[in-house]
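There are 2 protein chains.
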Amino acid sequence: MASLLRLPSRLLAPAAARPAALLRHRGRCLHAAPAARFCAAATTTGASAAAPARTETRGGDREGQVTPRSTDFNAWYTDVIAAAELADYGPVRGTMVIRPYGYAIWEAIQDYLNVKFKETGHSNMYFPQFIPYSFIEKEASHVEGFSPELAVVTIGGGKELEEKLVVRPTSETIVNHMFTKWIQSYRDLPLMINQWANVTRWEMRTKPFIRTLEFLWQEGHTAHATLEEAEKEAMQMINVYTKFSYEHAAIPVIPGRKSKRETFAGADRTYTIEAMMGDKKALQAGTSHNLGQNFSRAFETQFMDESGQLEHVWQTSWAISTRFVGGIIMTHGDDAGLMLPPRIAPIQVVIVPIWKKGEEKGVVMEAVASVENTLKEAGIRVKVDASELRTPGWKFNFYEMKGVPMRIELGPRDVKNRSVVISRRDVPGKQGKEFGVSMEPSTLVDHIKGRLEEIQASLLQKAIEFRDSNIVDVSSYGELKEAIAEGKWARGPWSASDADELKVKEETSATIRCFPFEQPEGEKKCFMTGNPADEVAIFAKSY
Amino acid sequence: MASLLRLPSRLLAPAAARPAALLRHRGRCLHAAPAARFCAAATTTGASAAAPARTETRGGDREGQVTPRSTDFNAWYTDVIAAAELADYGPVRGTMVIRPYGYAIWEAIQDYLNVKFKETGHSNMYFPQFIPYSFIEKEASHVEGFSPELAVVTIGGGKELEEKLVVRPTSETIVNHMFTKWIQSYRDLPLMINQWANVTRWEMRTKPFIRTLEFLWQEGHTAHATLEEAEKEAMQMINVYTKFSYEHAAIPVIPGRKSKRETFAGADRTYTIEAMMGDKKALQAGTSHNLGQNFSRAFETQFMDESGQLEHVWQTSWAISTRFVGGIIMTHGDDAGLMLPPRIAPIQVVIVPIWKKGEEKGVVMEAVASVENTLKEAGIRVKVDASELRTPGWKFNFYEMKGVPMRIELGPRDVKNRSVVISRRDVPGKQGKEFGVSMEPSTLVDHIKGRLEEIQASLLQKAIEFRDSNIVDVSSYGELKEAIAEGKWARGPWSASDADELKVKEETSATIRCFPFEQPEGEKKCFMTGNPADEVAIFAKSY
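The listed protein sequences derive, respectively, from chains A and B.
Start counting the first sequence at 1; every next residue gets the next number (my numbering).
Start counting the second sequence at 1; every next residue gets the next number (my numbering).
Take these hints with a grain of salt, some might be off.
What the hints assert, rightly or not - Cut-off 25 Å, straight-line C-alpha distance, at most; resulting in silico cross-link-like pairs (DMTMM-like, lysine to aspartate or glutamate): (1) Lys-243/A - Glu-360/A; (2) Lys-164/A - Glu-228/B; (3) Lys-159/A - Glu-163/B; (4) Lys-164/A - Glu-203/B; (5) Lys-164/A - Glu-160/B; (6) Lys-260/A - Asp-473/A; (7) Lys-481/B - Glu-454/B.
No wet-lab data here; the hints were simulated from the structure.
Values in this document were obtained by computation on a predicted structure and should not be read as measured data.
Could you build the full structure based on these sequences and the hints that come with them?
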């Protein structure tokens with residue numbers, strides 16, 4: 001049995017033949033279309049891999065499985081979020097509870113970025129979330145962009161408020177209100193801050209992580225003496241995001257500039273990182289705005305320059321949110337579930353003890369504890385699942401579904417040989433398995449660390465190949481339509497009007513995701529108008 | 001001049017004779033009484049130590065100073081918050097902007113507690129902040145306690161909402177709503193989670209950090225199979241808080257149990273840590289609640305026990321908030337300003353370079369950079385203030401006011417001698433200074449680390465002595481009245497009624513802060529009724 005259990009779980013029950021996640025058989029509303037109301041009463045999704053099944057189907061090997069990704073990407077996404085216990089629906093339409101496993105991914109994002117923000121000269125602070133309604137109205141395009149999405153507090157302490165309060169959808173207005181107090185002279189510049197906070201946008205179409213009524217993010221806000229400095233800062237931060245995406249999330253985002261139509265409400269320029277999800281739709285995964293003097297003029301944020309002249313400050317803002325967690329889920333993964341890049345995986349290695357007879361348990365668990373300690377001391381995030389309620393086979397499936405990058409199996413024979421069996425999440429079947437890896441601490445640590453780096457690199461490489469094979473260079477509107485109809489991204493020279501851009505959107509559902517920083521050489525002609533074009537743009541359907 | 005500058009700044013301008021913070025002379029509303037409306041329009045408090053003065057009084061040595069603590073404690077508190085740039089008033093009444101220096105103290109609190117929470121088996125997660133109004137009404141005493149303080153969202157996306165949403169004042173209700181979904185069997189217990197979040201309570205009397213409309217906190221929530229386990233958890237967490245207070249914040253809190261009147265709305269028992277502030281008022285600095293089955297009954301949070309019986313879970317919740325930052329400010333400090341315990345100080349050591357002639361600058365700054373590196377590499381939080389806009393004397397005052405535990409002065413003569421001059425914030429005058437401390441890295445690091453530990457221990461010791469000399473043991477109501485009238489805490493046997501407790505409050509403004517865990521031996525008679533009493537209680541006026 002032990003050797004059978006070691007066969008990749010996929011072989012035991014071919015993915016395509018598997019029933020979808022148990023809970024979907026219980027008649028619960030899970031596959032809410034993005035536009036549909038989150039069905040709160042029916043969403044006991046969190047229980048999928050938890051207790052009821054644990055007692056009901058004890059020993060069963062099918063629970064915790066998900067709709068194959070290749071069959072139905074959206075169902076797979078929803079299943080994975082439920083089965084891997086990443087999130088659950090909150091009681092209020094469109095809200096989300098981020099469960100420990102999902103929150104740990106967010107913490108990994110925070111841990112990396114928080115250090116980078118500080119290294120690049122920013123300090124954390126905190127602004128109140130209640131913003132006087134009048135603030136929102138001060139910057140014309142800002143109010144236009146955000147007013148349809150506002151949550152408004154009208155009652156406080158049992159009384160109707162004199163001025164309604166907006167629950168922050170973003171903080172530019174209140175930040176500028178305070179910056180105006182703090183900034184007097186060029187000596188106070190640059191002022192560079194960041195806050196980790198919740199924000200609220202009354203979205204009608206919601207989807208866990210990707211678009212929720214309330215979400216968590218960081219928002220950086222800076223003020224500078226010159227346009228050049230602000231521009232440099234906005235670029236610096238989009239570069240921080242890009243580097244994080246590539247090196248940690250293994251997401252090969254395409255950084256670039258948004259079109260005017262897609263620029264942030266109140267910004268002169270918006271830089272973005274655009275990621276291709278597993279269904280080829282684009283996800284705007286982070287943005288950095290050069291705000292120019294729009295908010296400083298609206299809020300009179302001025303400084304005395306070195307010559308004694310009063311000037312308005314030049315500003316930036318930039319943000320990454322819990323949406324990024326959704327991006328990680330939808331970039332990696334396969335029919336069996338989630339696949340997490342080791343650098344942001346809450347659990348990097350799961351150890352599954354294997355024993356049949358009671359007398360084997362002692363020696364196996366002793367070896368397991370020793371291996372666990374060795375890896376922990378080496379800074380590897382390791383979890384032992386020694387539960388006796390589940391078979392090893394069930395655990396293999398479960399942690400594969402949860403996207404844990406590596407598994408260590410350890411049975412009595414391994415103890416005797418002072419070795420372990422290792423499996424890679426990203427390489428299915430026998431190819432991903434290594435037998436007889438020495439338990440000797442330094443050998444094992446080096447081996448595991450090496451493999452984790454390989455997995456990290458491999459996930460990125462796979463995502464790059466997927467991305468590049470799904471971007472089509474187009475030189476006519478017809479070609480664009482064809483590419484978009486195939487679900488791909490279209491890249492082509494563009495210098496047409498906002499009206500043409502809107503036409504593309506209306507006719508194909510694709511929008512300009514960005515004018516990528518990386519541009520082809522040579523002369524270009526707009527594929528829409530035939531006029532000369534300076535840049536190519538990338539068009540795609542997006543979340 | 002260099003040697004004069006090295007005299008403690010206090011000697012240059014005796015504290016009592018100093019003008020109060022500059023900004024108070026500008027006629028701005030700063031000393032808002034706690035009950036008064038925060039005066040948003042007038043609160044450019046953050047600018048006090050920032051630019052305008054920087055340009056106006058360049059080189060002046062008086063700026064950034066504060067009302068002496070001994071003269072007016074409340075004015076001192078407000079001045080320190082403004083001058084040390086800990087916080088500022090938000091535009092909405094009662095809200096607060098936490099500035100980088102204040103936020104860094106909160107981050108130090110987070111860093112410690114976050115690790116402890118994980119070590120004790122809790123996972124972080126995140127619940128939505130919008131709670132259906134009906135949830136709040138489910139637990140009878142909870143709604144009674146919180147309904148007067150609620151902020152209510154009635155408009156979302158431009159439309160009147162069908163059900164009003166409460167902005168969380170605390171999350172027991174929404175947590176239980178979710179726990180009910182996730183918990184089915186005893187195997188799902190204990191469920192132990194924590195979230196770092198903002199909360200809103202529509203307070204009428206506000207004071208920066210101590211009581212604000214919106215504040216930041218962590219809230220732990222756990223569910224257990226038995227009352228005993230819940231009780232053990234509630235005690236464990238109040239002990240974590242107690243240990244943190246003593247060992248990191250150097251605040252000798254008194255842990256104990258709240259009286260029934262003062263118990264959290266919805267709890268069976270509330271444990272608290274009570275701290276004595278510099279004005280002898282008590283501050284409830286953290287609480288841990290044994291919720292019994294109050295919320296599990298209201299929300300039907302049940303589990304199947306090992307015998308197959310359905311039972312309601314037993315729960316706890318526990319929290320520490322940004323109020324704790326206010327507690328740190330008001331525990332330590334002196335006439336010159338803030339005094340931060342090294343373990344939570346954002347800057348542990350400030351280095352002030354001293355040079356007169358241009359040719360000295362190079363060698364001094366080279367030595368400064370080397371010392372800075374040495375300390376940084378040793379994990380010491382160090383800041384160099386090399387600004388040429390300020391005199392060394394001004395900097396000495398400024399960083400004393402900001403409560404930086406240690407200062408290193410470094411001039412040309414020091415460079416020649418390969419040594420530095422060190423000052424302790426907590427020991428005024430010459431006694432706190434050491435000359436000729438070797439620059440040799442390992443010697444310097446050991447020396448500084450040793451001194452930081454001494455400062456840490458000394459602040460705690462001083463606070464313990466202050467606390468103990470201001471608690472009076474009372475055996476009659478008259479004695480209590482006398483102690484309270486003197487501003488002290490009264491400790492005496494208590495077994496009287498809730499009505500008597502209310503009477504004490506009405507007649508003396510003092511409340512029972514707690515029945516301390518540490519109780520005197522022997523028989524006790526209630527000082528109010530003369531009846532036998534099991535415990536002594538501590539009474540005090542409080543924030």
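Here's how the hints hold up against the structure:
Between Lys-243/A and Glu-360/A the alpha-carbon distance is near 47 Å, which puts this suggested pair outside the 25 Å criterion. A threshold of 25 Å between alpha carbons decides the hint, and for Lys-164/A with Glu-228/B the separation of about 46 Å lies outside it, so the pair is violated. Between Lys-159/A and Glu-163/B, the direct Cα distance comes to roughly 17 Å. Compliance with the 25 Å bound is thereby established for this hinted pair. Using a Cα cut-off of 25 Å, the hinted pair Lys-164/A and Glu-203/B holds, with the two alpha carbons roughly 17 Å apart.
Restraint check: the Cα-Cα separation between Lys-164/A and Glu-160/B comes to about 13 Å, which is no more than 25 Å; the hinted pair holds. Our distance criterion of 25 Å between C-alpha atoms is met by Lys-260/A and Asp-473/A, whose separation comes to about 22 Å. At roughly 38 Å between alpha-carbon atoms, Lys-481/B and Glu-454/B are farther apart than 25 Å, so this suggested pair is violated.
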